[in-house]
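Below, each chain spelled out in residue letters.
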Amino acid sequence: MTGQPDYNAMSDDDFRAMVRSFVEASYPDIPRHSLSRLHWHEVKPWYLILSQKGWICPTWPREHGGMGLTAGKHLIMIEEFERYGCARVNDIGPVMLGPLLLRHGSEEQKAQFLPRILSGEDVWAQGYSEPGAGSDLAAVRCEAVRDGDDWVINGQKTWCTLGMDANWVFILARTDKTVKKQAGISFLLVPMDAPGVTIRNIENLELEAEFCEVFFDDVRVPADHIVGRVNDGWSVAKALLGHERVFIGAPRLSASALARLGHIARRAGVWDDPVFRDRYVTLQCDVMDLTDLFETYVDRLRDGREIGADVAMLKIFQSELYQRISELMMEVAAEDSGLRATPEGDRQLHAAATWLSARPTTIFGGSTEIMRNMLAKAVLELPS
Amino acid sequence: MMDGTMNEDWIENARMIVESARAVVPADGNLARVRAARFQGCGFDRAVMAQAAELGWPLMRVAEDAGGLGLGLRETCALMEVLGAGLLPEPVLSTITAAALLQEALPEEAMTGEAVIVTAWQDATGDQGWQGGARDGTLQGTKVHVPGADGADLFAVLTCAGVAIVPRDAQGVTVESAETLDGCRPGRVRLDGVAAEILPCPRAEAVLQDARLAHAAYLLGLSGRALEITLDYLRVREQFGRPIGSFQSLQHRATEMKISLELSRAAIFATARRFDAGADPRARAHGAARCKLRASALAMLVAREAVQMHGAMGITDEADIGLFVRKAMAEANTYGSPREQRATLTGLLAEEHAA
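Going down the list, the sequences are from chains A and B.
Here the first sequence is numbered in UniProt numbering, starting from 1 and rising by one per residue.
Here the second sequence is numbered in UniProt numbering, starting from 1 and rising by one per residue.
Errors might be hidden in some of the hints.
List time: in silico SDA-like cross-link candidates among lysine to any residue, alpha-carbon distance up to 25 Å [as the list claims (entries may be wrong)]: (1) Lys377/A to Ser337/B; (2) Lys238/A to Glu381/A; (3) Lys377/A to Gln248/B; (4) Lys377/A to Glu256/B; (5) Lys377/A to Arg168/B; (6) Lys177/A to Asp224/A; (7) Lys177/A to Asp232/A; (8) Lys53/A to Phe15/A; (9) Lys377/A to Glu179/B; (10) Lys377/A to Gly347/B; (11) Lys377/A to Ile78/A; (12) Lys180/A to Leu250/B; (13) Lys181/A to Ser246/B; (14) Lys377/A to Glu238/B; (15) Lys110/A to Trp40/A; (16) Lys44/A to Leu137/A; (17) Lys377/A to Gln239/B; (18) Lys377/A to Pro274/A; (19) Lys377/A to Gly241/B; (20) Lys377/A to Ala350/B; (21) Lys180/A to Gln248/B; (22) Lys238/A to Arg88/A; (23) Lys44/A to Ser11/A; (24) Lys377/A to Leu137/A; (25) Lys377/A to Arg235/B; (26) Lys377/A to Leu250/B; (27) Lys44/A to Asp12/A; (28) Lys238/A to His252/B; (29) Lys377/A to Gln308/B; (30) Lys377/A to Glu305/B; (31) Lys377/A to Ile248/A; (32) Lys377/A to Tyr233/B; (33) Lys377/A to Leu348/B; (34) Lys44/A to Ala133/A; (35) Lys181/A to Gln126/A; (36) Lys377/A to Arg237/B; (37) Lys181/A to Gln248/B.
Because the hints were derived from the structure by calculation, they are not lab data.
The task is simple: from the sequences and hints, build the whole structure.
Take a look at the structure:
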């Protein structure tokens, strides 16, 4: 990888202008503003363009092939991508595994895996949840047993987002059943083409296969495919997600849904209806209040201050707000919201599509209920 | 760079003002004075108003070249948050507003605290109109819900013609006060052909928007302290052999209050920053209405939940949480009820659409 320039030295306005013109000039002929995730075969051209440019891993340090962006610059990049409606790439490698290896991986692991994420050669999936371990993630039962120089893995993972596109998966596996559940988990890297790995797609409520189950049947991986120490996988996996903890609560989903609500209302002829307006302005205020709260966290990131457990408030409010906006969309679209597609055929303005796409936001990445439990204890200091 | 320096300035100013507020709001949250002052006399303590004047609060929003402190709205909101947390019954905001309207015309005795001045601007209940009350160069009409009316010496009467200083004992002035739930005595000021010099006041609407935002900060402070008290109770009150704060249903509802509180705080201080930087009239109207809308909803949410979570203690007058509940009820609808704020917001939406 050739070195990237120091983008942080640019002014915000110049950086924004540069990102904008690059996106407008380079975005390939693939969907924009898609409500559902694109698969690798669709989004790969965009991944490779970003990879060529050296922009696929904005937060990684420059010496590792990233852009080394500060939070402020990263946010500008996200905003410009969102503005143009760029499809989200398969970003588990750039966003999750890369930063995790940089922090906990061995030098060999970094040398082996980071370049292949940067190039798009490897597409990663996350294997955390199991049928019996969702919110209670530490209850994972998928097991890895040491046999000579290998780990032998048996069990099942589920809800692997775009897992069918991946050639590697990282998993949390039980490596000690005799200790407290969090203390017997290890973090392992598994090639999807290893003998004994099978996957089964799961159709979601939108009738799309966005996630899958992965089964492990005597799957062998070399001993050095463990990240961090044996039985230390829980703290490896729990380690920071960098800026993502803040950006997961960004107001952009709600803001764009609110704009679509406006379009749907105009089309349905209720934009001037005072009953609608009363509810619309309330949601609009919610989006603006969220934006103001989000900015306080972005300021903290910019100033290099710590982000505490209270950041969960952003995600809780944003995801519930997104859902409330989608609920008003359904009312406004009225009977048309019950159709599989709008009469006009535009998925963007199909209320049901937004309603459905808003559902996972309160479930994945920490369900709202789990986050409220955590807030109550860590921030409000309520007793257990 | 410039912005960073200004940021530090406001934080330092706000810190000093908040510290000065400790002179009238006990740091330990003792509400004995507030409790004792309820339903007594004019409903507030003139000595505290004099103290506020000594601390320079009336001059906060008077420009420096008009002899004031020229402080920003963020500083004002920081002060109001502390005063709200202490349930201060004195009409400090109304005095700050009067001074902001009058600028260099603020009378000396109001500056020193010798006289208490409050703002008489509102024409009717449930309505944010303030233009009424002037006829042929005299004051003729009624101003309602004037804070501290029962104990005020001077009224800054705002009409479409401008602002006038009216002594309460001036010819043609009648004050009728009424007790509020929290034991204050705001009132109705009748003006019957009152002769007064009416000074032009081009920033009247902006000053009232500032007051609306500052009042939202008062509700924020009130709500924050009421939430703290309620959380304390959840930590110590035991039932079924456990602190009730360990129950998930209460924990989740507590997080809802916390989220609403932090949204409100972020919105108020971001809006104050925009006002300080010079927001356009539409953004001002929208910002003040948005913040007041959330702060009112927050105060009533916390009031309801505080009562419920305190159980039977929540419906007694002896528990301090009741003081917060009654104050929230008395103040959530001043400077415009949520319905009025939403009416403002839907009106702005219509304008935007038409433009």
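For which of the previously enumerated hints does the structure constitute a violation, in increasing order of number? Of the numbered hints given earlier, those the structure breaks are 1, 5, 9, 10, 11, 12, 16, 18, 20, 23, 27, 33 and 34, listed in rising order.
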